[in-house]
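Asks: Letter by letter, the chains look like this.
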Amino acid sequence: MRRWPNVVRYFLLFLGALIFLFPFYYMLIGSLQSSPDTSVKGAFPTSGLTLDNYKDINERVDLLGSLVNSGIFTGGVLLGTVVFGTVAGYALARLQWRGRGVLFALVLLVQVIPFQLLLIPLYVLIVRGYGLADNYLGMILPFAINTTAVFVFRQFFLQLPDDLFAAARLDGAGEVRILWSVALPLVRPALLTAVLLTFIGPWNEFLWPFLVTKDADLQPLAVSLANYISNVSARAANPFGAILAGACVLAAPAVALFIAFQRQFISSDIGSGVKG
Amino acid sequence: MTTAAPAATKRNRAAGLLGRHPVGMILAAPYAVYLAVIFAYPFGFSVWMSFHDYFFAAPGAVVDHPFVGLDNYKAALTDPAVGQAFKNIVIFLVINVPLTTGLALVLAVALNRVVHARTFLRVSFYVPYVTASVAVVGVWLFLFNSGGLVNSLLGPLAPDPSWLVNEGWAMPVIAFFVTWKQLGFFILLYLAALQNVPNALYEQASVDGANGWQKFWSVTVPAVRSSTALVVILALITGANLFTEPYLLTGGGGPNGASASPVLIMYQRGIQQGEPDFAAALGVILVLGTLVVAYINRRFIEGRD
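Quick mapping for you: the protein sequence lines, in order, are chains A and B.
276 is the number that full-length UniProt numbering gives to position 276 of the first sequence; each next residue is one higher, with no gaps.
41 is the number that full-length UniProt numbering gives to position 41 of the second sequence; each next residue is one higher, with no gaps.
Watch out, some of these pointers could steer you wrong.
Stretches of chain B that chain A covers, calculated by requiring three or more beta carbons in the stretch to come under 8 Å of a beta carbon on chain A [stated by the list, open to error]:
(1) 45-51
(2) 237-244
(3) 280-292
These are computed hints drawn from the structure, not numbers from a lab.
Please read these numbers as outputs of a predicted model, since none were measured by experiment.
All residues carry an ideal CB built from backbone N, CA and C; glycine is no exception.
Please work from the sequences and hints to get the whole structure.
Replies: Structure follows, in C-alpha cells:
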C-alpha cells in the first residue's frame, strides 16, 4: 500500500524537474545551432552544432568587458556586505547599545519597502545629484549592503552559545576582539551562505544598472545582453542563436556557483534568515 | 548623584546613555548610514516629490518646485495607461499568487520525503531562481515566438496571434514565467517551515485514521500557515515590482499595453519622458496598494481559525 504513492511522487517530481530544466537545455542547444530549428526534432540535434553564435554575439556585445563589469558590480556589493554587514549583524545580535531596537526595526521595514518606490528618487539623487551615471560606484551604491545578508548574519550570531561570550569577556577580551577571534571564525559557513545569496542579486540585476549606465563600456552583461535583445537582434543573421549564446554566458557563472555550493543553500539557513 | 563614587557614576551614566556596549554603535554605523542614505532619505524624497512639481533641470540651475497638492496623484489615477497597467497586474497576481503558493507547498511536501536523487531534484527546482531574468527571457522568447517550439508542438492549437503578441495571452505567459522563475525560492521557504512541524501531529492523525490527503489538509496546511502568509506577501511584492519581463519578453509592455506594468510606466514616464513627479506619485500609489492587499491577505490567512 505504501509503495504506490511513492512511485507516483517520484514520477511527478522527475517530470516537474524535467519541465524546470528543459529551458536550460534548450538554451544551450539553441546557442549551438547555426540556424534555429524549432521543430520538436530540432530540440535533439545530432549534428551541425557550432560555436559561431558565440562569435556573433561577441562581435556585437563585448562579452569579456561586460563580464568584467558584472564582476566589479557584484564584487563591490559582496565586499560591502561582508565587511559592513557582518559587523552590523554582530552588533544587532550580541551587543547592547542605544538605538539597537530602532535599527532592527528599520532592518525589518527595509524588507517591505519595495525598490520601485525608491527607483525615481535614487535615480534623481545618484544620477542627477551626485553625477554618478556611468560609474561603478553609482551602480553599487543602492545594493552596497544586502539587508537579507545582515539578517542571516544576525541569526547566526544569535545562535552561538552565550557561555562562549561570557567566557571570553571574563578572560578580558574586548568586544571587537571577541567578534574577530571568537564569533567570526564560528560563523564561516554562514558567511558562505550570505555571499552566495548576495551574489545572485547584483549578478542578475537588470533594472538599476540599466538606468545608470548608458555607456556600453560600463554595462554589466545583463544590461548589454538586454539591449542587444531589444535593439540590435533584428539585424543579426541568427538573432536567437546569438541571444541564447549570450544568455548561456550570463547564466553559467551563477548556475555553476550554485551547483558547486548547493549544500550551502540548506533550507533552514535561508528560512531562518528570511523569517527572522 | 552625590552618593555614588564619581567614576562609577560616570560609567553608569554613559551606559545609560549609550548602552552597555557603545562599540556596537560604531560597528553598526556604516549600515545605519547606508539605510539612511539609500532607503530613508529617498523614501522621504519620493513622497515629497509626489506633492510637488518636479522636473529635471540643467545641472547647477536653481529651479522652483512648487507644491501642487494632489495634482500628480490625480494625473496618475486618471491616466488610462496607468489603469491598464494596474488591471494587468491584477491578472498577473490572480494567476501567479495561487499557482506559486500551491505548487511551492505541494512540491516542498513531496521533496521533503524524498530519499533518492534528492540533490538532483532540489537543484532542478532552484536553478531558474538563481539565473538572471535576462538570460531566461532569451529562451522563453525562443520557445514562445510565433514559429517557436511551443507552437510547433501545439500545431493547429497554437493561439493566433502568437503568445507574446496576443493581448489575451501576453500577461498570463508573463505570470507563468515568473511562477517558474521564482518557485524554487518559495519551495525553500516551505521546506524550512516543514522541518518545524512536529511529527507527533502526523502520528496522531494516523491514529485517527487520516489518509495522506487528509493529513496534508488538516496537519500540513495549518502548520505552515505563517509561511503561507509570507509566501503570499513576497509573491505580491515580486508581482508589484514587475519590470524586466514586460520590458523584454513582450517588447515594452506590448501588445497595445496589454502587458505593461506600473513599474514599466514609472520608467517610461519618470525617466524617458522626464516626469519624475508623476512617477513618484505612481510609486506611492503602487506601494499603498501593495500594502493594503498584503494586509488583507495576512488577516485572511493568519486570522482564519
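Asks: It remains to establish, for every hint, whether it holds in the given structure.
Replies: Now the hints, each set against the structure:
| no. | hint | verdict |
| --- | --- | --- |
| 1 | 45-51 | holds (count 3) |
| 2 | 237-244 | holds (count 5) |
| 3 | 280-292 | holds (count 7) |
Of the numbered hints stated above, none is contradicted by the structure.
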